[in-house]
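J.: For chain E, the structure is supplied; the task is to place chain A on it using the hints.
Residues per chain, in single letters:
Protein chains: 2
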Amino acid sequence: MDDSSIIIIGAGNLATSLGVALKQAGNVPLAVWSRTVESASLLGNRLGCFYSNDISQLPDAGIVIISVADAALPEIAAEVAGRYPHSLVLHTAGSISMEMLQSVGCSRYGVFYPMQTFSKARCVDFTTVSTFVEGCNSEVTELIRAIAAKIGSRCYDATSKQRRYLHLAAVFACNFSNAMYAMSAQILQKEGLPFEAMLPLIEETANKVHHLAPNEAQTGPAARGDKSVMDAHLAMLDGDLKSMYKYVSEYIINNKKK
Amino acid sequence: MDDSSIIIIGAGNLATSLGVALKQAGNVPLAVWSRTVESASLLGNRLGCFYSNDISQLPDAGIVIISVADAALPEIAAEVAGRYPHSLVLHTAGSISMEMLQSVGCSRYGVFYPMQTFSKARCVDFTTVSTFVEGCNSEVTELIRAIAAKIGSRCYDATSKQRRYLHLAAVFACNFSNAMYAMSAQILQKEGLPFEAMLPLIEETANKVHHLAPNEAQTGPAARGDKSVMDAHLAMLDGDLKSMYKYVSEYIINNKKK
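Protein chains in written order, with the numbering used here: chain E, 7 to 264; chain A, 7 to 264.
Only chain E is shown next, with the shape it has when bound in the complex:
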């Protein structure tokens, strides 16, 4: 099989964005697999390709990309290794080492980790994504880079250890900053105020760190040491959000740029 024949194992947020990007690049995946027929058909129909919930039913392919929850990955990778002993098998997980794929029986393997936040409802433009790649040998690394190039993604080499830290840092920069947006929305909703009012602020906060390091860009009551505002804010909060306000403010105060 040639290396443009790709099968996607998984039909979650990342698998969906990746499948759509490959299709848009003129390299429609041959087939998709998901644990349930429902989600397999959803993505299969979107891509116009074969789908199944049974790995043994999938067609041959040059490259198999596994994009499933980390906990399910080793078991599914073992099954893929059995079905595709000669194909290049890739996973997309930030926190799982490349060697896991070898340990479950893959002979040609690597990692394709696009560091981005993926949702099915919003397809990501890969030209804005940094993808971190690792191959079991240099020929494989080149093949993985070619996939990134095909969908227009910026591509960087990263070891399994570096990738683990990139993923951890991404949880803070992305998942946790989004959680702060959610807390903000919760406060506004209670007062009948629209979250839309926050969007220019969120945009400027994100833009600012293109030009200033985050601890230089830090503003607000904690950064100013404005205790009267912090006390007033704490008095307006309770439960989870009150604790969160305390902890994050303490972090800001303790890590203030000298």
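In short, the hints are calculated from the structure, not lab data. Predicted model only: the values in this text are computed from it and were never measured. Incorrect hints may appear among the rest.
Since copy identity is lost for identical chains, a pair holds within one copy or between any two.
[To be verified] BS3-like mimics (lysine-lysine), calculated; alpha carbons at most 25 Å apart, straight line:
#	residue 1	residue 2
1	126	156
2	167	252
3	233	126
4	262	252
T.: Quick look at chain A alone, frame taken from chain E:
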């Protein structure tokens, strides 16, 4: 004095951005005041206007905008009320009520609260800013709206109570999300990895909430309930960041969109 003659009391982040925006709009402030001559001269020279650290030395003006730390605001506002008994006096603080200005002796007063993150090193484009205004009467509210219009800011009416909650919500959406970027940068720096790698992710995270509510946009190990990744991440952290990882993940789990 006519209502285009403006004096700025304060030379901090917001005062600087506002002064520059007024200058760019062709309405150079008449004068600026700051507690120290050094910071007064820095902004005065930037705007090409009179500056002083003595309020009694300032020229007459139609409008006086006070933009100082919340803790200093009542005392300085009282001094301004004494020097400018007939001028319109505005403050720019999210958390301070409009009535404070009346209580220190202002006769015509209001609030001009541009909800944005301001840094001296990066002047804000006010056309991207939502400004919340409140006036002691409708004629004053119109005058405040005219200032917002002059610098191209979107303008909304907000009561003092609404403004307090907007400010609190802004601390979460802006100051705290920036703190999450800082934690991310701290993790990367320890591993010798560049923070720049996070920028596309930060941008997409900020863009996403233009289209999805934050709790719908939430992704990552906590949103997926991926305990194995969360445990691995906790094992990689210690101190402040370990506690933060726990608390924010718990929030995400407890507030998951059903």
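J.: Against this structure, judge whether each hint is valid.
T.: Checked hints:
For the homomeric pair residue 126 and residue 156, the shortest alpha-carbon distance inside one copy (21 Å) is at most 25 Å, but the shortest distance between copies (42 Å) is not. In the homo-oligomer, the alpha carbons of residue 167 and residue 252 lie at most 25 Å apart only across protomers (22 Å), although the nearest pairing inside one protomer, at 32 Å, exceeds that limit. Only between protomers do residue 233 and residue 126 lie at most 25 Å apart by alpha-carbon distance; the minimum there is 22 Å, versus 43 Å within a single protomer. For a Cα distance limit of 25 Å, the shortest separation of residue 262 from residue 252 qualifies both inside one copy, at 15 Å, and across copies, at 22 Å.
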